[in-house]
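Enquirer: Here's the letter readout for the chains.
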Amino acid sequence: MLRRYSLTYGLRLAVLAAALGLWQGLSVAGVIRSDEFPSMSQTASALSDLLTQSTLWSAVGQTLEGWGLGLVIGAAAALLVGTFIGVNGFAYRSAIGVIEFFKAIPVIAILPIGLVLWGATLTMKFALVAFAVFWPLVIQVRYGVRSLDPVVRDTTTVLQIKGARKFFMVILPSAAPFVATGLRVAAAVALVVDIITELIGGGSGIGERILLAENAGPSDYPQMYAYIVVAGVLGMVLAGAFAVAERYVLHWHESQRAAKAEGQDRGYSERQVLVIVA
Amino acid sequence: MRSARKGTRYAVGALLAVTALGAAACSSSSSSSSTSASTAGSASATGGSATGAVTNVTLGYVPYSDDASLFYAQDSGIFRQHGLNVSFVAQASPVAVEASMASGTEQFGFITTPVLINLASKGVGVKCVSTVDGNEPTNPADDTTVLVAAKGSGITSIKDLAGKSVAEVQLSSLNSLSVEVLAKQAGVNPSSIRQVAIPFAQMPAALAQGRVQAAVIVAPFTQTAVGEGAAVITHPNQDLFPNGTLTCLDAMSSYISANPKIVSEFRAAMDQSVTYSATHQSVVKQTLVKGLSLTPAVAASQILATNFSTTFNATSISTIESDMKQFGIITTEPSVSSLVWNP
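These protein sequences, in sequence, are chains A and B. Just so you know, numbering that gives the first Met the number 0 puts 100 at position 101 of the first sequence, and the rest follows in order with no gaps. Just so you know, numbering that gives the first Met the number 0 puts 210 at position 211 of the second sequence, and the rest follows in order with no gaps.
Hint data in this document are derived by calculation from the structure and do not stem from the laboratory. Yeah, the Cβ is synthetic: ideal placement off N, Cα and C, and Gly gets one too. Honestly, I wouldn't trust all of these hints.
Sample of chain A residues lacking proximity to chain B, with all beta carbon distances greater than 10 angstroms (derived) [stated by the list, open to error]:
id	residue
1	Ala-16
2	Leu-21
3	Trp-22
4	Gln-23
5	Arg-32
6	Ala-76
7	Glu-99
8	Pro-111
9	Thr-120
10	Phe-130
11	Pro-135
12	Gly-216
13	Gln-222
14	Leu-233
15	Val-236
Covered stretches of chain B, going by a simulated chain A footprint (3 or more residues, C-beta under 8 angstroms) [unchecked claim]:
id	region
16	132-146
17	293-301
18	304-315
Could you put the whole structure together from the sequences, leaning on the hints where they help?
Expert: Right, here's the structure in full:
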């Protein structure tokens, strides 16, 4: 077991080291021009400078603020609407056209509307994040609700379980794995949208720091890429956290039990994510 | 049944987890300082005309080195002396700034003259209230916008641009308009020139690798390109809009008429800072250390592309208008006096 873990980690570290080494090698060899794209060592030193500064941490906090609020609002709304169109076929058939339409709209296209309504503020950020998260998640929730086992459905009918009791005891547990997967994807989408609104719209956070460093010219490029690295790491940490949460919360579900039975070494384990977070 | 009940417990647990996450996000939001924009809006509405009272306003800007006088007005306390507490919001483009101004969260903002004209011709009431750091410089050495030709491209004048690719930072911008106007003046069909959008930083490489044959480039990238053999063809802005007002700080007309005193204090503060900058460039450039996170040495090496004039150049604005009309960007030319505000 331990050997398998160390082999997995060893390989991952080796691939990471090779990628970083390739980056540095290309820079040193002059294939990548330093005024276009800084070397790995320049970026790493800019990153280590940033790690000691409050600017970075407040930017991370501001980004997480927009991300968290937008995700919660979007997910809560999607859960309500998704459940409704899941149990009500008429509502589903009526609304699906509109949902598919909005799902296809890239957030960057409605960013100007967000700016005109709310300016470069936190409200603009989380409203656009919630918008981006809502449409795909609503479909996902609907499928989750529809996935109810017919035997279970018929049993609840026979036992005359209705209303809130049916929702909490039958529908939600059945939909939970769909919702969890949807949330994990939504968390990643939310981060991307949040950083875009900061970069293009001007909300405070990591995106704004990337913009400032970019406009300051080549001398600030290492800092710009350091912030981009921070954004990537943040995305990994959030995805990892959601995967762990999913395993804990849904450990009773057959999808998680099956995964466990297949062997412990499946994608993320708690320990791996703890390592990533640490 | 038993398993269903157990399932319920966990499902409720999942809901609680999501809610807790939301609560965490909410609590972090209340502790952070993102309320400045909303307070600015309400404070500015009251006018703040009492002596000694400070008015909160928010300004949207696009970060670049010509913001030095603007940063100086803030850092040296000039805005404060004029009773203004200015919050700065960095944004990617004047369009984002204007959208935020329309929302009412920003009262002042950076704009380029073509964007100003475009908005005005569409009926949006916006006016320049002060220069950013002056008008277009008269000395070519101070003009950071340059049209360069790649080494070996065979381009020695505007005439040679026919059929060639020209890199511009943004299409349908002042730079692309300049190239089209210059081409037309030189007897070249502007549509025969292939205009390509490339960020300034990638232009030296694009020129060196022959991906484009010419570029409208700015400092400090010009030095890199010239160092690699690119040739300076001309300074488009100086050719077309001498001493021109190509950028400014603007406000919505509705805001100006409701708050004339705040706007005139803003203008007075900016004029004071720009006038000071003319004779103290090295002092003013050091504001870029904080404003753009440059090192002191890099900040000192920046070129401020300005003549430090605080008067708007109406002729240049009207020239840009007629150029924009000629190339079909606008259909009506708004009167220049409606585009600028003077105390």
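Enquirer: I'd like to know which numbered hints this structure contradicts. Please list them from smallest to largest.
Expert: Result: hints 5, 8, 9, 12, 13, 16, 18 break, sorted rising.
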